[in-house]
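Novice: Mind docking chain H on chain C? Use the hints.
Chains as they are written, first to last, in this note's numbering: chain C, 16 to 461; chain H, 9 to 331.
None of these hints come from the bench; they were simulated from the model.
For glycine and all other residues, C-beta sits at the position ideal for the given N, C-alpha and C.
Check the hints yourself; a few may be wrong.
[Unchecked claim] Cβ pair distances, simulated, as ranges:
no. : chain 1 : residue 1 : chain 2 : residue 2 : range
1   : C       : 431       : H       : 319       : 48 to 58 angstroms
2   : H       : 249       : C       : 164       : 19 to 29 angstroms
3   : H       : 48        : C       : 91        : 24 to 34 angstroms
4   : H       : 110       : C       : 447       : 27 to 37 angstroms
5   : C       : 89        : H       : 172       : 51 to 61 angstroms
6   : H       : 137       : C       : 309       : 46 to 56 angstroms
So the chains spell out like this:
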Amino acid sequence: MHLLFLRARGRYASYASILKLVVSCGMLLAACGGGSSSSGASSNQNSNSPITVWVDADRMTAIKDFEQAFPDKASLIKAVVVDRNQFPAKVLLENNINSGWPDVVFAEPDLVAQVSDAAHHFPLDLSPYVSADIQKNFAGLDACRVNGKLVCLRNDLAQYVLWYNAPLMQQFGYSVPTTWEDYQALGLRVAKEHPGYIIGEFADAFTLDEYFWGGQCPLHQVTGDTLYTNLSSPKCTRMAQLLDTLLPTGVLSRKSGYFDTGMTTLGNENKILMLPGPSWMAEALFKGTYYKTANHQLAAAAPLKWAADTQAYTGALGGAAWIVSNHTKNVQLAVDFVKWVTTSPVYLGHAANFPAYLPTADVWSQTIANDPLFASNPYPVLKQAAQELDPTYSYVRFDDRTIFGTTVVTPVVTSGATISSKLADYQAQLVALAQAQGYQVTTTGP
Amino acid sequence: MDTPIASPPASTPALPKEKSRSRRRRLFPRVADIFVLPYVLFLLVFGILPGVYALVLSFASFPNGTPQYFAAGLQNFVTAYTDFRFGTAFANVFQFLVISVPFGVIGVTVIALLIHARTGWFSHLMRTIYFLPGAVAGPTVVLLALFMYDPQVSPFRGLLTALGMQTIVDVIQPGHISLLFTLLGFFVGAGGWIAIFYGGLQGISHELLEAAIIDGANGWQMALWVKLPLIQRYVVYLFILTFAGNIQIFTEPQIISISFSLFGFSTISPTWSPNQLSYYFAFSIGNFGAAAAISLLMVAIGLVGATLIIRATGFFRTDAAAG
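One chain only, chain C, in its complex shape (with noise of 0.2 angstroms):
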């Protein structure tokens, strides 16, 4: 569920790389254990220590950069290219022979939170390190806080907003909406004077983050131990019920997710007028493939709102950080890197993605204001909705997704079966997913 390296690879192509994580996983054996742990950061600090940096293929290009800028530091840099999907199993297996540990981390927010809890007891509390300064200038920075720790620093955002098609939108006379209820009207309209058009989708898991994260419906919010859960709110059933009310007309995509060479064929097809999409949408997916050629067609919406609610709120999907070890023998130098690709524009002023760090969203702005695929500049819109990230949702240390899937969205779209009326199997299923994972749950206020 890890969707940050996907980017522009299809579907078919990302096989290879899982079928690679499953083969390792299968043969990983538990060692030996024995030894205790240790709590905060490693006691005998050595600056010459050198530390290992776990990346991904792409994020090279960070480590390149650090060297370059520090190029005394440059030797004390081992990079170690892994499946990060493996990195809370890892860490669990180095717990057990007390070694072996990474000392900084890239991965997203879900595989933070999953070391983060008392067994896997792995990351450094970086508040002492990371100025208040610093850290106000970042976005999404919530998912870092665990238990009033700041436990990592956020690279990119993935931030929904209201991908639309703005030529023909004005073709077809249409404003765009700015709240649910009006995208619910707009969706009709659609039904009745331009069948065949989608204004969005209701084929994969992505949904739950698409409409009920970015419609504040609250999924699991944590709190300490707590976490609270409430499928049954009006602010999730008002969310269903807009899908079940649209879902028949067929402006929304039931056949083909985001993913889907369907989708693919909507989008060279013209037949995309809307779409709710994460800001790295736009340059992974619509370019070259929804749209064979750029052409000024893509505009950003801002996330849409309730007409009842004071503010508008929005999910993600994917977006990832940095993560610092309690274990390292070298905090000073592990923190200083990833403070440096967090906030230097030298790295993420020019990355596929939308920086966390706003000054530095501000540089990668120039990377996509003269691109000839948006219609207008979008910058602005993903940069109000990298600010309303939900700040009530909590990632979680289980799969929310699957369960969204196997639940709701796989018997509504083969069987018919309303949205609505699958949010309670799906509430069960959550609720029995977090207590296994030793969450206290409860149904009633956060």
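Specialist: Structure of chain H alone, referenced to chain C:
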């Protein structure tokens, strides 16, 4: 095993004498012992020792990621066996076994008998064709299967769309999973077994088959009443190995559930099979003890299953004793 070839009955009075003689000889390694040695070593290192380690782990607790040996008592067993996914995982694998084991055993036997019914270039060609998929390693097959099961790219898309399936989610639905895994397993594993069965059938003496023909047996009768009883032991062996292999199913649901979740499809739970649940306990929750508890249960089921089948079929009886 009922072999049509009459063997002289073993003389029971001779047994005690043989036993004492063999005990004396045990002081020195026999050739057979040397042949068995590598297997015993591997069994120790990769079978018995990990099993003992799992047994030790199953009583350990993992409060902060490191094992505290014998601190958990029976808690891990309670945790694992009362988990809300435990019943579903075993129900899934039971359904899979009920479909896949008979399908595999009957399918392989029928194909082998058919190929052997009339030997010639065609049967040799078919035997090779059946064998080919076996050359593809396990996880790669799952990858291939994902293409085969995707109505948008599959070479069988005509068939799939005729069945009303338009997307991969239509194909890989919870209700279809056992059947899909059965087809996948058969595709990969059957060829090797067909070759083995074929070899077994080739070993049947020509006189016997000629005698059957002279007695007026047709092709069906030959296959059912002459050839099948003679390769019965292979069938039992296949049965045991298929059962033991299939109950451990892990790779297929794991790869599909991981790769699907990357693309937002979810039809298979990450804890579909007991082995996946065990893996989940170990590497998602960090409770290696509960994972070990499930693994031990799997060992127990495998041992009991194999013992029952061996007892029921007299698999280890030697030809001399079989009568």
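Novice: Are the hints correct? Go through all of them and say.
Specialist: Right, here's what the structure says about each hint:
1. C:431 with H:319: 48 to 58 angstroms: Given about 50 angstroms between the Cβ atoms, the range holds.
2. H:249 with C:164: 19 to 29 angstroms: With a Cβ separation near 51 angstroms, residue 249 (chain H) and residue 164 (chain C) fall outside 19 to 29 angstroms, so the hint is violated.
3. H:48 with C:91: 24 to 34 angstroms: violated, 48 angstroms
4. H:110 with C:447: 27 to 37 angstroms: holds, 33 angstroms
5. C:89 with H:172: 51 to 61 angstroms: holds, 60 angstroms
6. H:137 with C:309: 46 to 56 angstroms: Given range 46 to 56 angstroms: holds, Cβ gap about 48 angstroms.
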